[in-house]
Amino acid sequence: MKRKLGPRIVHALVLIIFVVLLAFPFYWMVIATFKQNLDLYNVENNPFIFTMRPTLENLRLLFFETRYVRWLGNTALVGTIVVAITLLLSIPAAYALARLTGRWGERLGIGIFLTYLVPPTLLFIPLSRVVASLGLQDTIWSLVLVYPSVTVPFSIWLLMGFFKSIPKELEDAAMVDGLTRFGAFIKMVVPISKSGILTVVIFTFTLVTQEFVYALTFISPESQQMVGVGIPIFLVRGDVYFWGSLMAACLIASIPIAFLYNLFLDRFIAGFTVGAVKG
Amino acid sequence: MAVASARVKSIGAAPSPWLGAAMFGPAVLYILLLIGAPFGLAIFYAFSDARIGGGNLHFVGLENFRSIMQSPSFHKAVKNSIIFTIVAQIIVMVCANILSIALEKPFRGRGLVRFLILLPWVAPVSIGTIGWKWILDSIYSVITWVLVWAHIFKPYNAPMWLGEPTLAMASVILVHCWRLIPFSTVILLAGRTAIPREIPEAAAIDGAGFWRTLFQVNLPMMLPILSVALLFGTIFTFTDMTVVYILTNGGPFDSTQTLPLYAFNTGIQGSDLAAGAAISLFLVPVLVLIAYLMLRVARRTEVV
Chain A
46 MKRKLGPRIV HALVLIIFVV LLAFPFYWMV IATFKQNLDL YNVENNPFIF TMRPTLENLR
106 LLFFETRYVR WLGNTALVGT IVVAITLLLS IPAAYALARL TGRWGERLGI GIFLTYLVPP
166 TLLFIPLSRV VASLGLQDTI WSLVLVYPSV TVPFSIWLLM GFFKSIPKEL EDAAMVDGLT
226 RFGAFIKMVV PISKSGILTV VIFTFTLVTQ EFVYALTFIS PESQQMVGVG IPIFLVRGDV
286 YFWGSLMAAC LIASIPIAFL YNLFLDRFIA GFTVGAVKG
Chain B
32 MAVASARVKS IGAAPSPWLG AAMFGPAVLY ILLLIGAPFG LAIFYAFSDA RIGGGNLHFV
92 GLENFRSIMQ SPSFHKAVKN SIIFTIVAQI IVMVCANILS IALEKPFRGR GLVRFLILLP
152 WVAPVSIGTI GWKWILDSIY SVITWVLVWA HIFKPYNAPM WLGEPTLAMA SVILVHCWRL
212 IPFSTVILLA GRTAIPREIP EAAAIDGAGF WRTLFQVNLP MMLPILSVAL LFGTIFTFTD
272 MTVVYILTNG GPFDSTQTLP LYAFNTGIQG SDLAAGAAIS LFLVPVLVLI AYLMLRVARR
332 TEVV
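Residue numbers (the numbering used here), protein chains in the order written: chain A, 46 to 324; chain B, 32 to 335.
None of these hints come from the bench; they were simulated from the model. Note that beta-carbon positions come from the ideal geometry of N, C-alpha and C, so glycine has one too. Incorrect hints may have been included.
[Said to hold, decoys possible] Cβ-to-Cβ under 7 Å is the rule here; a few derived chain A residues that face chain B: (1) 60; (2) 71; (3) 75; (4) 138; (5) 162; (6) 277; (7) 306; (8) 318.
The task is simple: from the sequences and hints, build the whole structure.
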């Protein structure tokens, strides 16, 4: 059955328009990254093409004359520790709510999901005092402390759905074979939940790179910045924006994350849809 | 035999509250300490005279709320937060519906298209926004270049996208839409693929055209998922301060001021913790409403 030409053209047009609108800023980052400053800052030149030879100067400046590498390092470190904390807190909690607590566990699960709706812009003022009184201000440890409060609720919710889909008979069999309930959880359930756990890892790491408000509020020294705050705030000297390096920094920080997130997209969506989609 | 199988079943089904409590206790404690307690503290601050570096706190009653209510910036912030959220959500829902229809059936290159379309949602917000700041630059804007090239504006005479109140507001809305369309699209896509094939097909056999099937069959069936996308989108726009902070920092002349940004500028930049906390509390009614609606959606779909 051949589809008619008209609808196919409309279909292609819709896709092209949206792809161009949505991906354009990233294409624009690529162009700016490799342009010489004289080319970039000449309004007579066509901005879509390279009037002068492409250059790696912007990348050199970014990597050797700014703290960019340090920010990437900070982000990776905070991301790794927050992932560890999130897993330690959310895996047991999700299992308990899925299997051990019966009816009110479900209610508690929804309650925990609702805390995910509490935005940083509501809590950053009191938390800035909490962080200061613990002596964590201006260090990445303030973020290590606070970020799990954002990642744990959603992770519990994701994992709860995952654990519920595992047949109960698996643990029953393990317990008949002499394992305790907790032993069955560690030895049977966790190993076969690898893909659910990996989803939480990616989700948490992505969230750490995306968060802006807490990082901006708690940390002021340039060397302690996360990549998401360092780029927009510290790659600007006075009023001068180094657009070439700035765009290079944006590109390098966002593409790997985008790639990872894309791999696990369907699972995140299942978490967001709150059971409004069956199957 | 029947007895034995019943017993085996009961091991798995039996809730063990103590082990359960021990396993979710730490997570709940963490959430209470880092979400519940700061929320309480925010309310406490809002009724006090807390300042960064200040000494003893005093209870001042409704004083903070009274002075906020008198500030023109605050009125501007409330109005803008509401306008930005509503306008952005209308645009996002229309675009996401169109885009999710276009992405539903498999075609060559769908994976790549999906990756490109998702970039705005997946890349860090602050980074995507700084990309837009370059696109909307007062001198080197590519949009300006194209408009000059097309002879719509004379060189050096084009509008300043982030420098004029109406255009700045439009720019903020644009960036919010740009960021949220991918998110809403994938959520709607999940809802769309969950509609049993036979139902729209039956409608088509009964003579319903594309539009009729869309409005009388598909959209009503997708109502729960549409509300989920809408509710999340509302939260993400209403409580966001990153986009405005980077794009305009509320300017020019407070024309893009929003509630979260005003709370930040007052509470952190201006060291007036008490007033900042009071301003951010104005987000709460909207959040409560959204949480309530979210629960209704969740409950209704559980019954179906």
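Provide an ascending list of the numbers of those earlier hints which the structure does not satisfy. Number 3 only.
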